[in-house]
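> Chains as they are written, first to last, in this note's numbering: chain A, 26 to 266; chain B, 26 to 266; chain C, 26 to 266; chain D, 26 to 266; chain E, 26 to 266; chain F, 26 to 266; chain G, 26 to 266; chain H, 26 to 266.
For the record, the hints were derived by calculation from the structure and aren't laboratory data. Small disclaimer: the values here were computed from a predicted structure and weren't measured. Possibly wrong hints are sitting among the right ones.
Unchecked claim - Per label pair, the in silico range of CB-to-CB distance:
{"id": "1", "chain 1": "E", "residue 1": "Pro-118", "chain 2": "G", "residue 2": "Arg-107", "range": "48 to 56 angstroms"}
{"id": "2", "chain 1": "E", "residue 1": "Glu-58", "chain 2": "B", "residue 2": "Arg-97", "range": "49 to 57 angstroms"}
{"id": "3", "chain 1": "H", "residue 1": "Glu-74", "chain 2": "G", "residue 2": "Ala-153", "range": "30 to 38 angstroms"}
{"id": "4", "chain 1": "A", "residue 1": "Ala-75", "chain 2": "H", "residue 2": "Glu-90", "range": "56 to 64 angstroms"}
{"id": "5", "chain 1": "C", "residue 1": "Gly-76", "chain 2": "A", "residue 2": "Ala-75", "range": "21 to 29 angstroms"}
We put the beta carbon where it would ideally sit given N, CA and C, even for glycine.
Below are the chains, spelled out letter by letter.
Number of protein chains: 8
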Amino acid sequence: MNSTPSEPPPPQEARLDLDRRRRIGMVEAIWGENKNAEQIAAILEHLKEAGELGLVTRVEVSKAEAVAQRLRSGRTRLEHHRQARCLTWGDLPDPDPGLGQVAVLCGGTSDLGVAKEAELALRLHSVATRLLVDVGVAGLHRLLAELESLAQARVLIACAGMEGALPTVLAGLVPQPVIGVPVSVGYGVSAGGLAALHGMLASCAPGLTVVNIDNGYGAAMAALRILRGGPGHHGPDRSGA
Amino acid sequence: MNSTPSEPPPPQEARLDLDRRRRIGMVEAIWGENKNAEQIAAILEHLKEAGELGLVTRVEVSKAEAVAQRLRSGRTRLEHHRQARCLTWGDLPDPDPGLGQVAVLCGGTSDLGVAKEAELALRLHSVATRLLVDVGVAGLHRLLAELESLAQARVLIACAGMEGALPTVLAGLVPQPVIGVPVSVGYGVSAGGLAALHGMLASCAPGLTVVNIDNGYGAAMAALRILRGGPGHHGPDRSGA
Amino acid sequence: MNSTPSEPPPPQEARLDLDRRRRIGMVEAIWGENKNAEQIAAILEHLKEAGELGLVTRVEVSKAEAVAQRLRSGRTRLEHHRQARCLTWGDLPDPDPGLGQVAVLCGGTSDLGVAKEAELALRLHSVATRLLVDVGVAGLHRLLAELESLAQARVLIACAGMEGALPTVLAGLVPQPVIGVPVSVGYGVSAGGLAALHGMLASCAPGLTVVNIDNGYGAAMAALRILRGGPGHHGPDRSGA
Amino acid sequence: MNSTPSEPPPPQEARLDLDRRRRIGMVEAIWGENKNAEQIAAILEHLKEAGELGLVTRVEVSKAEAVAQRLRSGRTRLEHHRQARCLTWGDLPDPDPGLGQVAVLCGGTSDLGVAKEAELALRLHSVATRLLVDVGVAGLHRLLAELESLAQARVLIACAGMEGALPTVLAGLVPQPVIGVPVSVGYGVSAGGLAALHGMLASCAPGLTVVNIDNGYGAAMAALRILRGGPGHHGPDRSGA
Amino acid sequence: MNSTPSEPPPPQEARLDLDRRRRIGMVEAIWGENKNAEQIAAILEHLKEAGELGLVTRVEVSKAEAVAQRLRSGRTRLEHHRQARCLTWGDLPDPDPGLGQVAVLCGGTSDLGVAKEAELALRLHSVATRLLVDVGVAGLHRLLAELESLAQARVLIACAGMEGALPTVLAGLVPQPVIGVPVSVGYGVSAGGLAALHGMLASCAPGLTVVNIDNGYGAAMAALRILRGGPGHHGPDRSGA
Amino acid sequence: MNSTPSEPPPPQEARLDLDRRRRIGMVEAIWGENKNAEQIAAILEHLKEAGELGLVTRVEVSKAEAVAQRLRSGRTRLEHHRQARCLTWGDLPDPDPGLGQVAVLCGGTSDLGVAKEAELALRLHSVATRLLVDVGVAGLHRLLAELESLAQARVLIACAGMEGALPTVLAGLVPQPVIGVPVSVGYGVSAGGLAALHGMLASCAPGLTVVNIDNGYGAAMAALRILRGGPGHHGPDRSGA
Amino acid sequence: MNSTPSEPPPPQEARLDLDRRRRIGMVEAIWGENKNAEQIAAILEHLKEAGELGLVTRVEVSKAEAVAQRLRSGRTRLEHHRQARCLTWGDLPDPDPGLGQVAVLCGGTSDLGVAKEAELALRLHSVATRLLVDVGVAGLHRLLAELESLAQARVLIACAGMEGALPTVLAGLVPQPVIGVPVSVGYGVSAGGLAALHGMLASCAPGLTVVNIDNGYGAAMAALRILRGGPGHHGPDRSGA
Amino acid sequence: MNSTPSEPPPPQEARLDLDRRRRIGMVEAIWGENKNAEQIAAILEHLKEAGELGLVTRVEVSKAEAVAQRLRSGRTRLEHHRQARCLTWGDLPDPDPGLGQVAVLCGGTSDLGVAKEAELALRLHSVATRLLVDVGVAGLHRLLAELESLAQARVLIACAGMEGALPTVLAGLVPQPVIGVPVSVGYGVSAGGLAALHGMLASCAPGLTVVNIDNGYGAAMAALRILRGGPGHHGPDRSGA
């Protein structure tokens with residue numbers, strides 16, 4: 026059998042949206058799930074040349090190691106974040122206190138991966154975060170006990186699987202922007218996160234917005250758009266890398 | 026054009042499950058939505074002959090009036106309950122204090138019809154009820170304020186549309202049986218009540234059970250099964266009509 | 026036939042979430058679709074007593090007129106907004122320039138109702154809005170021509186039916202928060218707005234958030250949460266009515 | 026490649042809902058499917074310190090062994106129940122005859138795992154159970170032959186996959202509370218258990234309630250709520266561990 | 026405004042599948058739901074010319090009357106069957122005893138329309154039928170009491186809405202061919218008949234076959250195919266009209 | 026009650042995509058379903074000023090008449106096409122023989138409306154069409170008899186409801202481009218046209234393409250793109266109006 | 026870790042529906058997918074004792090071997106049928122010519138497994154079969170060429186994945202009973218077989234019946250019910266094993 | 026255990042649709058996903074004997090190797106195309122300049138496999154292609170920069186996952202035929218490609234057609250039908266192999 030040679034990273038990678046930071050102030054995340062190690066490594070090298078940080082989501086340990094072996098730019102820091110299932114490429118910046126804090130809440134240990142992805146994506150853009158786990162609505166007292174401390178956050182990201190009621194309860198209690206992230210944790214009618222997604226969209230609490238299931242990165246970028254919108258943060262060009 | 030004559034109530038009505046009360050202790054409700062006035066009237070006459078009460082659900086005012094005109098048994102009381110959208114046939118019994126009270130809760134005025142159907146079905150079986158409206162989870166303080174009074178109820182029926190989080194929050198707070206009734210109130214992803222149904226089934230609160238969307242009657246009968254199960258209530262034969 | 030008397034507005038209306046403005050700074054909107062004129066009028070009278078503005082969504086002309094006939098508080102201004110399909114109760118406040126402007130975009134005339142509901146809900150909370158219609162993605166030049174003027178807005182609300190691509194394209198072009206509102210306009214696979222909803226959630230543009238189908242009010246409240254979050258707007262208590 | 030260190034059990038585990046037994050009288054089950062062995066072991070140690078029994082559902086043999094290796098509290102009994110796919114932590118209490126018996130029925134060998142999870146969860150709360158397998162509706166005589174013996178049970182839990190008709194037939198024959206558990210056994214339209222779930226919810230038998238697909242634990246807790254509700258069982262505080 | 030003239034019955038009606046009786050021995054039923062009275066009348070006239078009987082399904086009284094007014098062939102008998110919601114055109118043949126009997130069962134009055142459509146379609150093909158109503162599975166004794174009499178039927182058609190368990194229970198009790206017809210009677214998860222359809226397809230009873238929701242005509246034609254297949258009935262050409 | 030005045034046609038109508046003909050050579054169709062008569066009339070007047078033909082789809086007789094009453098440009102021909110449910114505005118051009126013929130096929134009278142919409146949209150762009158009705162796959166001989174004549178068509182549009190098998194069978198028999206249009210005719214699983222849509226997408230015939238359910242206009246525009254693509258038809262600018 | 030001992034085959038296996046052959050004349054097939062080798066072996070031993078043949082569906086090679094190792098009844102023939110993915114236990118009977126032939130058709134090699142399961146289940150009940158592969162509708166001539174030979178069959182079973190049009194085309198051409206079996210072969214909208222199922226149910230060909238996706242056994246049992254129904258085959262008791 | 030012998034390639038393979046090239050001018054692709062290596066090899070040998078090229082889609086490296094080992098016709102070139110996941114059998118022809126070029130676009134590296142399958146299928150039929158990757162709509166400038174060069178293509182195939190907006194934007198910008206191919210890349214609501222499919226079908230851009238999810242081969246064949254339809258390409262018989 027003949028076989029097509031191991032194809033080189035395709036030239037079209039030159040079409041990466043490097044203009045994105047200038048336009049909307051965000052680092053383009055590489056969605057790692059449907060890409061192989063060669064493709065990811067090629068993209069990271071390309072980002073490096075362009076002087077950009079890199080964030081690759083949905084990368085398990087074994088693929089992370091395969092990427093590491095293929096990278097030429099040895100001096101750039103490649104880090105795999107196990108719980109967040111993400112790779113970062115380059116040194117993460119320090120938090121910028123002027124941007125304010127984002128609180129990331131989740132109902133239980135099973136939602137932790139998505140919450141960590143959101144935290145990491147914010148950290149990459151110099152945003153400070155605070156994580157609260159195990160504040161699910163089946164034991165309300167745990168959430169009620171944190172209400173005062175939550176007043177410090179400018180934006181709240183609430184990750185929840187199963188019936189996804191946490192963001193609804195939260196948005197009924199606090200005045201800040203609340204972004205719901207449905208988590209694909211569950212079984213039966215909640216398998217895949219659709220029940221949580223629909224629960225959040227159908228919420229009777231006013232002003233709750235939602236992102237796709239498991240989309241911690243998306244919630245983080247939505248929070249970033251909000252944080253930068255205040256006076257003194259007139260757009261993307263002030264975000265250093 | 027020839028046309029088939031207005032057909033008489035078919036003889037098979039004789040096959041009504043009149044044995045049901047003996048077997049499981051419940052009056053058979055007539056589901057009125059897909060039946061016309063002739064069919065409903067024929068069934069009610071038949072129940073009358075058998076000495077049974079009658080409950081017809083999902084009957085609007087105009088159909089109720091059409092049924093009334095067709096009934097021969099003029100001395101039996103026929104009553105239309107507008108909010109519950111139900112017809113009752115015969116005198117409702119007094120509550121039996123020994124059975125205990127059932128609390129029926131709902132999130133808002135829009136869920137009222139389903140809650141009233143549940144109340145009426147219980148009243149038909151001599152069960153006392155208490156109704157709490159406007160205790161939705163977007164304003165938790167209203168529910169928390171009622172917690173103490175809810176301890177009086179032996180069973181709680183929680184009706185909710187939209188995201189349907191009320192039964193979940195409730196079941197996390199009280200030890201009694203909680204029966205969730207999704208309500209087909211909502212729009213977009215919550216239209217038809219499916220989001221509420223899935224939210225209740227996916228609930229992270231332990232021991233919450235659920236009935237079909239808008240099935241106030243079913244929740245009432247489930248509560249009745251529970252109430253009769255305690256010592257001193259050894260089954261259906263003690264329920265008088 | 027006996028019939029239950031025309032029941033008075035139930036006492037539970039006293040449980041309206043009047044504490045909401047203090048807690049999260051928003052006027053509670055009354056969802057009018059599944060309520061009858063008696064119920065709506067009773068709630069509006071109650072809001073009046075509490076000194077609150079009222080907003081009732083999803084009210085057609087005929088129901089609006091029926092509500093008007095039932096209201097006692099004749100001096101309070103009741104206005105029906107035909108395109109937005111909303112009733113307002115009380116005098117709308119002037120825009121507060123300090124809050125900033127919200128741009129509301131939609132793809133075509135068919136999406137106008139939802140966009141108008143969003144505008145009205147913002148106006149009720151003193152927020153200035155700007156409406157752009159007919160900027161759908163099948164004729165991109167119309168949207169590209171408005172990019173510069175959109176820089177004035179602090180938040181963008183993009184309403185779209187059919188495939189719902191407008192918010193995706195928009196969020197790839199501007200750095201501000203973008204809230205997508207799927208509109209239940211379409212047929213076949215887009216009937217009911219689900220294709221638009223899924224298209225927005227699945228968006229490859231980072232940081233786009235979404236609300237339920239046709240939920241113009243919800244998008245407005247999400248924008249309000251964002252507007253108030255900046256320095257000088259420390260929460261809900263500064264919103265006058 | 027750098028890698029984040031093997032992270033210690035997060036401090037938030039301190040937020041386990043240990044108050045649950047006092048509030049609603051139930052041991053919190055740990056849903057093991059989306060948790061790794063480290064996380065489960067950490068939670069079990071924490072429960073031990075709090076003097077609680079532990080129940081972890083959805084744990085296969087290999088994960089059970091990995092948990093066992095990580096546990097410090099060697100003297101506490103850790104048992105893996107193969108058919109139920111559960112771990113228990115601590116000595117199971119003896120049945121309390123005063124609570125009454127729960128009958129657990131299932132249609133065939135394929136539903137056995139879910140039935141066993143329900144039995145185990147009840148045993149953990151001192152409830153006696155009786156298991157009946159192979160009483161599916163395609164051979165009705167097997168179920169009819171057991172009707173008399175079923176009169177002993179105070180609550181019936183009926184697990185069924187495929188078309189899920191068992192609970193419907195059962196609820197038409199007996200007066201006690203019947204809880205349906207759809208089982209994710211089947212193929213084609215019944216794959217995942219949705220056909221069984223819908224069949225149970227749509228049931229024409231009055232007063233049948235339902236829990237999520239495969240949720241044996243949930244059905245058990247619903248039964249427990251019922252058992253405790255009778256006279257002489259005034260709530261959760263009487264349940265010893 | 027100009028308007029296209031009331032268009033005459035299009036010439037393509039000449040393409041009616043009049044060859045069908047020769048090929049597969051069945052009269053083509055006209056599905057009346059999406060056709061107007063002109064179209065139906067034109068098709069009936071055409072059938073008349075070809076010497077065929079006509080059956081139009083899903084025709085309400087008012088449309089039936091409009092069809093009657095447009096028909097020229099006054100001497101041919103046009104009959105509207107109210108419960109079956111069908112029009113027949115021509116004299117129905119007498120039953121052919123050699124074909125054997127088909128039993129048509131349904132769970133309740135709400136399923137009657139579909140059962141009657143099946144009966145009528147069989148009668149049009151000279152097949153004797155027997156109707157059993159109110160034999161739903163929530164009161165099994167009614168069905169069990171008929172088992173012996175059902176042995177007379179060569180084929181059984183079982184119509185059921187809600188959870189649709191009747192055909193499953195039936196196919197577990199009798200050896201003949203059983204054809205399940207899901208009925209679009211129900212609400213919530215059973216609205217539209219999908220729960221019943223899935224329940225029948227997922228059935229654990231061996232050898233149950235199913236037709237589309239509400240398709241009484243289709244079930245009848247399937248029974249006809251079976252009846253004609255026996256010795257002495259070698260195909261369609263022996264069916265007289 | 027105050028009411029917002031009858032709002033004038035909004036200024037944004039100026040943003041109609043009049044550039045479309047230059048860019049892609051097509052007249053923009055106005056989707057009439059969710060627009061009222063005022064909105065449609067305003068758009069048509071605007072098109073008139075721009076020298077464009079107008080096509081409004083999904084307009085019933087009564088709305089067509091309301092539009093007619095509101096139009097000022099009395100000399101422009103407004104025509105309502107009853108079967109196609111469309112309004113045209115302006116004189117339809119003669120067919121351009123150089124573009125070639127499009128065959129529009131459908132399975133039965135119920136699919137006629139969608140087929141007629143496709144024909145009309147093509148006629149508006151000077152394309153000759155040929156209509157074949159009643160060539161459904163349950164009587165194959167009718168389609169096979171037309172195979173030779175179909176060789177004249179450059180593109181085939183096949184409209185089908187129910188199981189939607191017509192385009193599959195067709196694309197297995199002819200070499201030309203075949204565009205499938207699912208039709209929302211059917212009931213049960215085929216209600217709304219989804220079964221037909223999925224059947225066409227899943228087709229085992231190679232090279233069949235599909236448009237949205239009932240989208241006759243879309244299929245016509247796809248055919249137009251194909252017709253213009255041949256030598257001598259280098260793009261949109263040659264299409265006269 | 027303690028572990029529950031390898032549990033013996035549960036005693037409830039004694040409740041196998043051995044009465045089935047007497048009642049409806051069919052061997053109960055064991056659905057092997059969700060059972061392990063111990064459970065299957067225990068059931069087979071039990072069938073042996075009762076003098077029954079055994080058929081286990083959905084068994085891959087490795088599980089078949091594990092079952093073989095556990096069986097004590099060494100002299101009984103255990104055979105694994107690779108393409109049909111079935112185990113048979115006992116000697117298959119010779120075909121009974123009096124029952125007539127069943128034709129099993131499928132569209133392509135990918136549907137072969139389901140077709141073979143149907144053939145095997147019929148063979149187990151002494152029914153002769155004939156298999157036709159590669160008669161899909163994208164190349165109609167192959168099916169048309171077989172029409173004459175198909176007249177020999179008393180029943181036709183048509184297996185098809187993708188759009189599932191084969192049974193529709195077939196039922197339009199032949200007068201015998203046609204049973205459609207959707208096959209879970211496909212991708213995108215046809216993944217899992219749902220498009221094929223819906224296509225068959227929605228079929229415009231009269232009298233086509235359908236079984237669950239991949240249910241070759243069910244189609245075979247439906248054919249058996251039909252075959253036995255003719256004169257001279259008065260029920261199940263004449264089927265020898 | 027006895028086992029059925031490794032069955033030889035079944036004789037029915039003789040029924041391959043070899044007539045297809047004469048009829049519709051296309052090589053039949055073998056869908057490799059649900060076939061094993063023996064089956065694929067047998068089909069390829071058969072194609073070879075008939076003098077045909079072969080294309081097998083959805084073949085991973087390991088299955089490709091297993092096929093290679095089973096092929097007897099050693100001199101025929103068998104090639105595995107890794108990115109396209111396809112096997113070709115025979116020498117690919119040179120592009121025929123007279124047919125014109127097809128542009129294949131995709132949003133990112135994850136869509137590459139589907140795009141490559143389309144390219145390969147076209148190459149097999151002598152069609153020249155051009156590939157553009159990374160032209161997703163979240164960075165519109167990349168697509169706008171290619172508009173001029175796209176004018177060279179006679180047909181455009183646009184592959185997109187996630188929200189699938191690329192074909193919509195494209196069809197709003199160019200006059201040629203645009204074929205959308207949804208790609209099963211995504212997660213949450215876009216998992217499996219359904220959101221992309223619906224987005225394309227719901228598109229507000231006129232004349233966009235769609236094929237099944239991941240169906241690169243189907244899109245290629247649709248393009249081929251179009252290319253051959255122009256003057257000088259009167260059908261399939263001119264396509265040389």
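> Hints the structure violates: just list their numbers, smallest first.
Hint check: 2, 4 and 5 fail, others pass.
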